[in-house]
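Chains as they are written, first to last, in my numbering: chain W, 16 to 105; chain F, 12 to 374.
In case anyone wonders, no lab produced these hints; they're calculated from the structure.
Just so we're clear, the structure is a prediction, and the values are computed from it rather than from any experiment.
Any given hint could turn out to be false.
Partial selection, computed: residues in chain W whose CB lies under 10 Å from chain F [claimed, not checked]:
id	residue
1	Arg-26
2	Val-28
3	Phe-29
4	Arg-30
5	Glu-32
6	Asp-33
7	Phe-39
8	Gly-44
9	Leu-46
10	Pro-81
11	Glu-82
12	Asp-83
13	Ser-86
Note that beta-carbon positions come from the ideal geometry of N, C-alpha and C, so glycine has one too.
Listed here are the chains, written in short residue letters.
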Amino acid sequence: MDTDCFIINDRTVFREEDDGAFLFDPETGSLNCLNKTGAYIWRMCEKGAYKKEIIEGLQSSFKDVPEDSLSEDISTFLKLMEEAGFITKG
Amino acid sequence: MGNFKAYSAPFEVFMSVTNRCNLSCKHCSVSSSPSALDEGLSVRQWLDVIDQIEDFKVFTVRISGGEPFAYPGIFKIIDRLSNGLLRFSINTNAMLVGKEEADRLKRYRGRIDNIMVSLDGSRADIHDRLRGRGSYKAVFKGIDALLDNGLPVSLYTTVVRYNYLDIPDILRLAKKFGVENIKFNELLPIGNASKNFEKLELSRDERILVIDTIKDLKSRYNGFLQGTYCDLIEMFSDMDKAALTSVIPSLNICSAGNTQIMIRHDGWVTPCDRLYDYKIENILNKSLKEIWNGGGKLKRFRKRFDMTIDDLAGCRACVYKYKCEGGCPAIPFALGRGLSSKDPLSCYRVFNGEEEYRPYAEN
Ligand code: SF4
Numbered sequence: 016m017d018t019d020c021f022i023i024n025d026r027t028v029f030r031e032e033d034d035g036a037f038l039f040d041p042e043t044g045s046l047n048c049l050n051k052t053g054a055y056i057w058r059m060c061e062k063g064a065y066k067k068e069i070i071e072g073l074q075s076s077f078k079d080v081p082e083d084s085l086s087e088d089i090s091t092f093l094k095l096m097e098e099a100g101f102i103t104k105g
Numbered sequence: 012m013g014n015f016k017a018y019s020a021p022f023e024v025f026m027s028v029t030n031r032c033n034l035s036c037k038h039c040s041v042s043s044s045p046s047a048l049d050e051g052l053s054v055r056q057w058l059d060v061i062d063q064i065e066d067f068k069v070f071t072v073r074i075s076g077g078e079p080f081a082y083p084g085i086f087k088i089i090d091r092l093s094n095g096l097l098r099f100s101i102n103t104n105a106m107l108v109g110k111e112e113a114d115r116l117k118r119y120r121g122r123i124d125n126i127m128v129s130l131d132g133s134r135a136d137i138h139d140r141l142r143g144r145g146s147y148k149a150v151f152k153g154i155d156a157l158l159d160n161g162l163p164v165s166l167y168t169t170v171v172r173y174n175y176l177d178i179p180d181i182l183r184l185a186k187k188f189g190v191e192n193i194k195f196n197e198l199l200p201i202g203n204a205s206k207n208f209e210k211l212e213l214s215r216d217e218r219i220l221v222i223d224t225i226k227d228l229k230s231r232y233n234g235f236l237q238g239t240y241c242d243l244i245e246m247f248s249d250m251d252k253a254a255l256t257s258v259i260p261s262l263n264i265c266s267a268g269n270t271q272i273m274i275r276h277d278g279w280v281t282p283c284d285r286l287y288d289y290k291i292e293n294i295l296n297k298s299l300k301e302i303w304n305g306g307g308k309l310k311r312f313r314k315r316f317d318m319t320i321d322d323l324a325g326c327r328a329c330v331y332k333y334k335c336e337g338g339c340p341a342i343p344f345a346l347g348r349g350l351s352s353k354d355p356l357s358c359y360r361v362f363n364g365e366e367e368y369r370p371y372a373e374n
């Protein structure tokens with residue numbers, strides 16, 4: 016749902032690099048590499064943004080991508096993050 | 012301007028908590044012994060360093076020495092690591108690990124990636140010849156205690172003249188133990204080993220035999236058998252195709268000062284554990300972040316990552332250069348040849364007998 020918001024797991028280490036970011040979970044040792052878009056979504060989650068706000072924020076960068084497709088991509092990303100234990104639905 | 016861009020922080024920090032050890036092995040790559048003067052960091056100082064490592068968003072720490080369990084405050088350090096945002100590994104000879112220590116380590120199991128134990132022979136006479144009488148028996152007690160507590164143990168063997176024929180038996184023993192893997196690594200001319208190199212280094216024929224043995228065993232123990240000999244096999248496998256290309260390769264971008272950094276017992280920061288004497292800055296004078304992002308010696312070291320094989324002394328005219336990445340900078344550095352020389356341990360010309368095998372003789 017567009018009004019979903021996410022709580023980040025406070026044991027997660029989010030480390031920004033020039034071309035994206037790393038997400039590291041010291042409990043499991045899981046290390047994930049995020050591109051710039053993934054890093055942006057993570058920062059929005061940190062701010063407690065709703066999914067709708069994340070979509071709006073990204074639309075300005077991906078003007079030619081239809082909203083539906085963007086929404087789907089963001090949902091997939093958030094689902095993966097949730098499954099990996101980095102975030103939970105708020 | 013070079014293209015190499017360092018990460019915002021290392022992935023792993025080596026913490027050599029002490030240079031003291033209960034042993035003084037002939038092949039040790041640190042100058043460790045029971046009498047080594049340990050004017051190193053206090054526990055309080057190490058805890059401050061760990062705060063810095065964590066704030067810098069490093070992911071893992073490898074605790075090494077000397078022998079980490081010879082450091083009186085080791086469990087305070089492990090406690091701190093386990094309660095923060097880091098994972099960690101330990102390099103040990105396991106001789107000071109009894110039931111009590113293993114039981115304590117068990118509490119941190121969820122944060123431990125690996126406990127790497129040195130084993131240099133499948134029999135007491137071989138292992139003890141390098142490590143001292145009684146050490147074989149003691150290491151087995153330690154390994155048993157660790158494994159009984161469900162801890163992730165791997166083994167590490169330095170291949171020298173005393174044990175190169177024992178590789179298949181060491182491997183069988185490792186398998187029987189049920190450890191995660193075993194590494195067979197080359198002897199490095201660093202630390203105690205630099206003083207005993209002539210005695211311990213393999214001849215060219217012995218080295219070829221080791222490579223053939225490991226090549227053969229690798230197919231049966233794939234993944235379980237690891238280490239620098241496996242890397243060498245990989246590196247040398249394509250050399251006959253060197254003439255089929257004309258692209259000059261860049262030098263190997265290794266982990267030193269790139270994904271890894273080391274803090275010595277005395278606070279000196281070096282690019283990696285092999286470059287033990289390439290002292291960049293002392294952690295007591297500057298923060299880890301300042302050292303990582305600063306100029307000076309680390310910047311100079313990283314210049315190597317923008318070099319090609321043609322920039323190494325002695326490589327420009329080599330027919331194998333198109334398939335060669337120049338090896339490890341720590342070896343020419345340890346031999347007093349600087350960072351821009353080839354690594355004789357990874358040089359195919361040396362391996363192939365086209366160049367003098369004993370490159371250490373003049374040092
Ligand atoms: S001389 Fe040795 S290190 Fe240099 S390019 Fe040839 S094989 Fe590689």
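Going down the list of hints, with the structure as the test:
Taken as an interface hint, Arg-26/W checks out: its beta carbon lies about 6 Å from the nearest beta carbon of chain F, inside 10 Å. Proximity of Val-28/W to chain F holds as hinted, the smallest CB-CB distance being about 5 Å (cut-off 10 Å). Evaluation of the Phe-29/W hint against chain F yields a held restraint, the C-beta minimum of about 8 Å falling below 10 Å. This hint holds: Arg-30/W has a C-beta 4 Å from the nearest C-beta of chain F, less than the 10 Å allowed.
Interface hint status for Glu-32/W: upheld, as the beta-carbon distance to the closest one in chain F is roughly 5 Å, under 10 Å. Taken as an interface hint, Asp-33/W checks out: its beta carbon lies about 7 Å from the nearest beta carbon of chain F, inside 10 Å. Satisfaction of the interface hint for Phe-39/W is found here, the shortest Cβ-Cβ separation to chain F being roughly 5 Å, below the 10 Å cut-off. About 6 Å separates the beta-carbon of Gly-44/W from the nearest beta-carbon of chain F, less than 10 Å, and the hint is met.
Taken as an interface hint, Leu-46/W checks out: its beta carbon lies about 6 Å from the nearest beta carbon of chain F, inside 10 Å. A distance limit of 10 Å between C-beta atoms decides the matter here; for Pro-81/W the minimum to chain F is near 34 Å, and the interface restraint is violated. This hint is violated: Glu-82/W has a C-beta 33 Å from the nearest C-beta of chain F, more than the 10 Å allowed. With a least beta-carbon distance of about 35 Å to chain F, the hint placing Asp-83/W at the interface is violated under the 10 Å criterion.
Among the interface hints, the one on Ser-86/W is violated; its C-beta lies about 31 Å from the nearest C-beta in chain F, farther than the 10 Å criterion.
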